[in-house]
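Sequences listed follow chains A and B, in order. For the first sequence, my numbering gives the first residue as 79, with consecutive numbering after it. For the second sequence, my numbering gives the first residue as 3, with consecutive numbering after it.
These are computed hints drawn from the structure, not numbers from a lab. Quantities reported herein were computed from a predicted structural model and do not represent experimental measurements. Among the clues, some could well be false.
Keeping only pairs whose Cα atoms sit at most 30 Å apart, straight-line, the calculated DSSO-like set for lysine-lysine is [to be verified]: (1) Lys671(B) <-> Lys105(A); (2) Lys229(B) <-> Lys105(A); (3) Lys253(A) <-> Lys263(B); (4) Lys238(A) <-> Lys267(B); (5) Lys243(A) <-> Lys126(A).
Chain residues, written in single-letter form:
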Amino acid sequence: MKQVFTALALGAMFLGAPAFADAEVGKPAPTFTLKDESGKEHSLAQYKGKIVVLEWTNPECPFVQRHYSADTMANTLKGFDAKKVVWLAVDSTAHNTPEKSAAWKKTEGFSYPVLQDASGTVGKSFGAKTTPHMFVIDEQGVVRYAGAIDDDPRGKNEKKTNYVKTAVDALLAGKPVPTATSNSYGCSVKYKSS
Amino acid sequence: MTRQQSKRLGRAGVVGVVLMASVAWAQLPPSAVATGAPDEGDPRIEAALLVDATQVKPGDTFRVGVRFRMDPGWHVYWKNPGDSGLETEVTWDTPGSTVGPLQWPYPHTFRTSDGFIVTHGYDGEVLLFAQARAAENATGQLQLSAAANALVCEVHCIPAELMLTRNVPVGPETLRDADATHAFDAAQAKVPRPTADTGHTVQLALDSKQLTAGQEFTGTLTVTGPKGAALPALEGDFFTPERIAGVADVSLTSVGSGRFKLKGKMEPDAPGSEPRLAGVLRLGTAASGYQALSVDVPMAPVMPVGGAVAAAPVAVKPPSVKDSIAAVKPVAVAPVAAPAAESSVSLGLALLFAFFGGALLNLMPCVFPVLALKAYGFTRMVQNEHGRVGAHAAAYAGGIIGSMLLLAGTVLGVRAGGASVGWGFQFQEPLFVAAVSAVLVAFALNLFGVFNVGLDGTALAGKVDQSHGLMHSVGEGVLAVVLATPCSAPLLGTAVGFAFAAGPLTVLAVFFALGLGLALPFCVLVLVPGLAKKLPKPGAWMERFKQVLGFALLATTVWLVWVMGGLAGVDGMARLLAFLVAVGLGTWLYGQSQTQEGGRRFASVALAAVVLVGAGVASLRFDGLAPEARASSSVARTQPWDPAAVTAALEAGQPVFIDFTADWCLTCKFNERTVLSREEVRAAFTENQVAFFVADWTRRDARITAKLAEHGRAGVPMYLVLSPGAPDKPEVLSELLTTDLVVDAVKRAAECSPARRKNGSNVVCAVGFPRP
């Protein structure tokens, strides 16, 4: 009988083998705990019940600079109910420091935390490839949107669709997210070379 | 001089050399050259507007392009930039002439040091160009302006916007610029050519008939050179996919000359379309030179996962046995309405189906003899070696599960090789049929006492028996699996169909569950105390029973010989029977050796081996043998399945019944004998003018395999009923037919024919077939 149980256990292992991959729309987001520029810890779990927007960022990237000078992120965030939506910037740039983030926050004048991920672990667990690269996570911790902030990579369209805004609005209204993935554009995330 | 300054000087020097190189050409006007992407003041990119003519005649064609030169280490992007970056963009403003689409030389692939971010583009120098044509009424000067928009990256990225203009005089004839023509020709040689133009053929065989949103897919791409020539060697990043809507992470791995393993993943929100695999295949090496092909082949329709993106994930709750039996029943009896319903079978349910399917297999005529054999062995053991029952049951279960996993591995292996396979596919292989027949005959002779396995008749037997006995149980488990495959029990079709469309782990899991189900009766026998004791007492009857079982095995062989007839005709059957006689002789010789000693014994064993191998080599050649012309089926007026004929029949207003069957499929034969050949069924077919098609899967047939997969099945039987009123919505009948089921389905299909509907029938036909 022991052999049978061993076989059963082996079979269960086959079934239970988890597949580690990028953050995938429709699947639970990778968990993380990161310190922000002021040293305060943020974990995804603590925001359960709220919609979380993750913004991969790097103040040195021209695409990020363009969006910040156009106030894209601030305007997007402004449209949301602050009690229901949390906005977290994540900087996975290898040479980033809390001081740089703090200085940048001051120049740009925004209040959301900039999570420090210089090791790149969290960025890679999400599969963040560009800055900006956006993820929207619903109240249950499931990824509902992954991709670009909008459909205007060159910043020239008069009329653009802000995918993050439409995704969060849909989730707040209890509707399916109209565009769940898009090709993110911008600079590559400057990960620590391993 | 500071270090920073010297660095800048160095860079300026590189730019200087680059600029000097272009001076050798016909003088470029200053307006046709621009620099951009300033990095601490130094430009990282230089662009020049090139034209391959110094004068153009009205109506003539010429080429116009933007040459980009990057500083060492910097690059710009291809039309699919990859994980990051931005497509390089050139927009034209050319009054007096028209410019065609931008031509892209094949790109390089760039990777971050950890390989996490992969992009496609150009470093050094690239000429992005287009064909242009001067207007018929052009006079004076052709004004050519280009706005080039590029993201220039090294480690960091700098956007560059470059405006370039120049004029080309219009004249009585077109004068070519030799240097520029040379540059355009060089760039042209790097532009991938459509395979239709180069004489290459490209074939894509996806491992599943359809793509599913959010799921990975695999397949095999086969590329042959002109006139079937082999492909040249490949190097490095030889394949660059274009951006394909809904598809991510496409990659090709070379698995042999001209054969590539395709892997990719569907986006979770992939639109329900039929994407094409598009990309650049670069043949050759740096030493031999490169040739780039533009690959563009259809993949397969995408099945969006309905609402899956929006709905919260439901925790998979293991269903209780009671639930599952209730859940299983309707599926076995009710017709499956649409293919989509089948594919939405969850993994849990598929495993459950597999488990019960496996258990049911025990009752099928293919497995029952082994089961009976095992039961006989058990009766003996319960008396003789009390403590070993559990071990034997475990060995038997292990044998079953092991060979199930081996079968799963084979399936995965064959699938990875690009062939499509289905449940029972082994029985499409004459050598496999011959091998199974030989094992059965040898087993039968063993039961008749011609030779002994494990007990070699000497005094040592008792001591060795325990391990041999266990191996014996393992062997019986293996045999049970081997024999079970042609008996596609109800439920099994769905479970295995699900497995074949899914990933490797799912395939293994489903086969594992099948094995568990097959082993179940004996596990129960051991787990329930006292049950084993209720088996009859051993005695002289056992010897007789054993011999009767031997005949049961021989009867199974008769069926296999008949299967061989379908595969390789009368000649094949004769060869198989000759081989089986040799098997008999060989085992008899071996049996003789068991009572002999020393040299004589060795000689007998050697002779037995020679007989077996010799007969095998001499007789087991089935290649090129034609299958027997099939005697008319037991079912009236059938015709071989042919999609064109099906369409013709539907257009003629006839309902269509398609029987997907195979000689080695006992369930199919059972249905044919007990249901399809019944008088009521025949009458219903005649009355409703049903066109009856038989899709015979006895031998390999890729079209049939594909059709099965289309309905989520990996094996036969499958029964499709098509109505001329709704030809796109076939009704899939249960694997186990009943007379009423067939008659009702045929009637519904006939009532939906447009001709009948005119007569006032109000049956709703468009959406599936509502059950009354």
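Index of numbered hints that the structure contradicts, given in increasing order
Violated hints (numbers, rising): 1, 2, 3; every other hint is consistent with the structure.
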